[in-house]
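S.K.: First to last, the protein sequences are chains G and W. According to my numbering, the residues represented by the first sequence are -13 to 645, in order. According to my numbering, the residues represented by the second sequence are 329 to 972, in order.
Source of the hints: derived by calculation from the structure; they are not laboratory data. Source: prediction; values computed, not measured. Note that the Cβ used here is the ideal one computed from N, Cα and C, for glycine as well. Check before you lean on any hint, since a few could be wrong.
Pulled a few chain W residues facing chain G out of the computed Cβ check, cut under 8 Å [to be verified]:
{"hint": "1", "residue": "Leu432"}
{"hint": "2", "residue": "Val581"}
{"hint": "3", "residue": "Asn583"}
{"hint": "4", "residue": "Thr701"}
{"hint": "5", "residue": "Gly749"}
{"hint": "6", "residue": "Leu775"}
{"hint": "7", "residue": "Arg930"}
{"hint": "8", "residue": "Gly933"}
{"hint": "9", "residue": "Asp937"}
{"hint": "10", "residue": "Ala954"}
{"hint": "11", "residue": "Ile957"}
One letter stands for each residue in the lines below.
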Amino acid sequence: MVSIGTPFVSSTFSRATTNLSRNVILANLRRTQEEILRSQEQLSTGLRILKPSDDPIGANRIADFQIRIDKSDQFLRNIESATGRLNISDSSMDGVNELVNKARTILLEHVQSTSSADSRRFAAQEVEQLLQQAVSMANTSFDGRYIFAGRKSENPPLVFAGGGVAYVGDNNGFNTNVSEGLSLATNVSADEAFGVFSDEILGLDLGTLQTIDLNPAVRTYTKVSTLREGQGVSLGSVSITGSGTAVIDLSIADNVGDIIDLINGETATTGITASINAADNGFLLTRSGGGTIVVDEVSGGTTASNLGIYTGSGGSVSPLTGSDLNPTVTKATQLGDLYGGAGITSSGITITNATATATFTTTLDSTIFTPTTTVEQLLNAINGANVYADARINEDGTGIDVFSRLSGGRLTISEATGSGTTASELGLLSTLGRAKLSDLNSGNGVDSVDGADFRIVRKDGTAVYIDVDNAERLQDVVDAIDSDTLLSAVLMPSGYIQITDTSSGTGDLRVENFNGSFAATNLGIEGSTSNAPGPITFSGTSLTFVGVQVEGIFTALINLRDGLLSNDTNKITRSQRLFDIAQSKILGARSSNGARLAGLELTKNRLDSQKLELSKLMSDIRDVDFAEAATRMQLQMNILQAGLATAARILQTSILDYL
Amino acid sequence: MVLFTSLNTALTGLQAQLATLQTIGHNISNATTPGYSRQEVDFETNTPNDFVRFQIGTGARIKQIRRVIDMALEARLQSASSALGNLNVKSTALNQLESTVNALSGSDIGAMLDNLFKAMEDLSNRPADISTRSAVLEQVRLLSDSFNSLANDIRDARDSLNEQLGSAIGEVNRITREIAGLNKQVLEAENGGIDLGAANDLRDRRDLLVKQLSNLVGIKAVETSRGEMNVLVGSAFLVFGATSYDLTTDDTVDNGSIISTPVFENGSATLQVTDGQMAGIIEARDNILSGFLKDFDVLANSIIYEFNKIHSTGQGLQRFGDLTSVNGIRDTSFPIAVAGQATSTSVSKNTIVDTSLMGSAANLIGKQVLILTGDNILEQRTITGFDSATGTIIVDKDFNTVIAQGDRFQITSLNFSIVNGSFDVVLTNEISGTQTSYNITVDLDKLPDITSDTTLTGIATQINAIAPGVITATITSDGKLRIESSSGDVKFGFANDSSGFLAAMGLNTLFTGYDSSTIAVNKLISDNPALLAAAKSNTAGDNSNAIEMGLLRNRSVVKGQSSFEEFYQDIIGEVAVNAGEFSNRLETQQLVSEQLENQRERVSGVSIDEEATKMITHQRAFQAVARYIAVIDSLLDTLINGIR
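Start from the sequences, fold in the hints, and give me the full structure.
M.R.: Quick look at the structure:
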């Protein structure tokens, strides 16, 4: 204990013996000297707390502060590294943006038909240079890591392949811990900045063109964490009553089979057996001999309802069919489990990715498409097939999407055999209906102006105006025409639009461009059918589509280059749209990057001032107050001196001197 | 006749004064002798001559020479001495522990943990950099080393306390023998108790010995009616009359350390040590130091397990072609782990009751059981009996305290908990870079019976089914799992372990060991930093596993309540509070003892001035009597020589 008022030994009784005086004097001297020693130690180390027991609470707080200061230091280091990386990302993007500006100039110069084939060829070389520079900038590295490569940061993310540019990095964020419990992505993704993945081919239901639901069956090996569209179930206990009641703790269950086993472990008590229902999407509870089954929650839990077997206290008559558990598609899902256990046909799919000068293709056949093949194996097969395709399970876990990672290429997926249906079952088949308007007509797309682009004049003289801006896919245009009550439109299997007029009137059925747009022509439906009694039909010309392309800067440059090389004015013109897309991407990426950098700066400042505050607080507790300690020690020295002096006097006095 | 009587009278006076002067001289000589009680001479008048109508006194005689001593005070001094001895030992032990732990120094376990997390952060910024990886492994090693040396220091402290106990017992025996001897001498000197209290110096010596004894062990000293001092410890005699009973130690070995229990050598009675140095030693050794060592063991175990759980499911820059688990399972055809929870508090210290085991056909005898929660956490025992009618397990050695209701345990020879779940074996085609996962079930739901759960053999069978001929799993002779790839193009790793199997077996783990003495860095990884699993895929720049390990810092994983650093601070705080508390109590007790000592001094101490003053009085008295003798002498002379 450090205190001035240390208890001293008193002599209150009247008899003072020789030893007593000596003991008391010595004890007090010893105590004072100990105090002095302690003060000296504090002064020479500058610390008030020399060991934790001096002030346990204070010591605890010091340790706490120290940890927090250390953590702040580390976060500041991380932020510094991340800031450097993001800054370099920004200047790279800036550089690429400059290249885009230059490319635009070239484009505007040579898009006129007055430009000769030769000058265009020269311009193409310039564009090639720009392309090389753009790739080089996107392959920037910082601190030994390629900054636009996602997690595959040990290798350059962009490589030239077949006349195009392939992205071989990945799409994952590179995270950094920037403050307590906060881990942020501190890289700019190449797709965000430059556009390196196509945004199709999504797994779609080819009839409705909505996201496909591959609806995997519930099996005993289905993991609980994948149920309820991936929300999982937080497992507690359930109470099951049949002929008897059992409270069953399901918390150790890892998969659906475990739950079944746990319920069946109590069959002797409850008379109830669990299994998977006939639809293969949930549980089935059967009570032997029939009767009521009651499945109730325990302590206000939600386990029973989340598992789709809750009946409430009223119960339900056996057999109890549980509701759909909606497991997500995972890497472990088997192809045979899809579509509620019906699986998919094994004929296979063919994937083709073609540039102007090279074609990459692969066919995955029935050796891959077996019922026991896992989704992971399928994804691996597609991703490892050297067609520069990237296959992933979609975000909701309902289907598979395939993207192209080859700028300058066009990706299509078709059936492996003429009568096969695998691609369409997976929702990946490239069909005309799902094609984007921009992919029609060898990529020339469909013209569009502000407002309506074409009109259909019915027999009764009414004109129906269609604006193609509202349509994403060809099917959308067909649906727009079809939505008129007296017109019906269908996309025929051989690839043309057929319009049927059921109105009554004397006019012809005419489809005309409108407002200066060439949309009707592009859609192959410019023309007319003469009036006739009853419904009359107009058939358009067949349309073609090309595969999906990556809409980004590299594609833009490649298309411009190729257009210039082949003296193709249309192609040159088309590349303008891509430059627009590319530039707005870079702009967007730079601004969100800027926001990220600003956020990091704020965090850094906050951490800095926090560190300062903590250091100060820590010092207050840990460091000695020199003035106070020195004064205290002086006082103790005085006490010591007085003690020694008086001790000497007392010990010397004896009656023997006087006898 | 009367004159000679007078001479006699004078003589008695002379003798009395002389004896008093001698006593005064004795007092003065022994003024500084420890344990000396000043002696005073009590005079009384001699038996008078009876002359019927009157009595004439015949002088003085010494009634007794007595010690000035307060026996009640002596008893209080003894108990103060016991308390002092007890607190002294404990305070010293805790101060030593505090310096061993060395908190606030910047080089203690807390600092090592901090450095490890810092290195982990650096790893998440540069996952593929070899020097950053080496730095992480170095920190793992340093952390392990600081745990090891702490555990060693605590063990050393316990060992030296044990030795101290041995020498204390030797000292106790020496003293009790001397007390017994003195009892005999006092009895003889006081003529079998007739002259009770006469053997002053012997008694002083005996009292001093009793006080010394009380410092060593808490005793009660009782003087019999014959003047013998009997000494009891609890209700057993250490000294009875002229017989002393020796103590010795009963030694057991625990984890390489000798634990001595003091007992009577002749086994006549049970020894209850409640105070004194011996009590302090036993409590410091068995409760205080062991308690803190257990806390550090829990922390080490948690660090090892939690880091390993994450590391084992990650991938390094290389994957494995041949990997053997660090730990082994004894019985490879018995389920890997059988989870249990005590359904009621045990009555005796060597049983565990879990009614969910009732009716099980499993043969549990000879298996190991590991306690996972409660006061006996981390304790391992061997099962010697199992009553399947009641679900009672009997173990070979008592637990420190009884198993309480709700305590979780696991029947396993591993040191970590494994639960029902599964893990993935990930095969990588090193040429194409493609990774494929295969799920291995770890079925530990005890359904339909314990015997249906997954065994180590079952795991090996499942792994062998993945890629027959390419991936082979075997079990070594010491129960370890070995996985090999026969193809140089196919390597393996792991992912997604919901069971804890990989961490418990030691497959791709960062730490090895299971407590403070055994914690170490996995040599396989430290020899090849490329194996440090910073990623969760075979992408070199993937830092997701490093990030996850870094996030461990904030998770409450120790006993489900505290983070590593919080738990460590709690231990340090407790050491500090205890050290401070015992330090204060010791200081207080020292004051109390000093006060009592001084009180004794006041009562029994020699004051030289006092004795000198007394000396003058008695000197004068002696002179007066001598003068009287001279007068009687002259009277006699007159009488004898005057009659012719």
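S.K.: None of the hints should be skipped; say for each whether it holds.
M.R.: The hints, checked one at a time:
1. Leu432: 6 Å, holds
2. Val581: Not OK, violated: W:Val581 not within 8 Å of chain G, min 33 Å.
3. Asn583: This interface hint is violated because 28 Å lies over the 8 Å limit.
4. Thr701: 15 Å, violated
5. Gly749: Because about 4 Å separates W:Gly749 from the closest Cβ in chain G, which is inside the 8 Å limit, the hint holds.
6. Leu775: 4 Å, holds
7. Arg930: 5 Å, holds
8. Gly933: 3 Å, holds
9. Asp937: Holds: closest Cβ of chain G sits about 4 Å from W:Asp937, inside 8 Å.
10. Ala954: This hint is violated: W:Ala954 lies away from chain G, its Cβ roughly 20 Å from the closest one there, beyond 8 Å.
11. Ile957: 26 Å, violated
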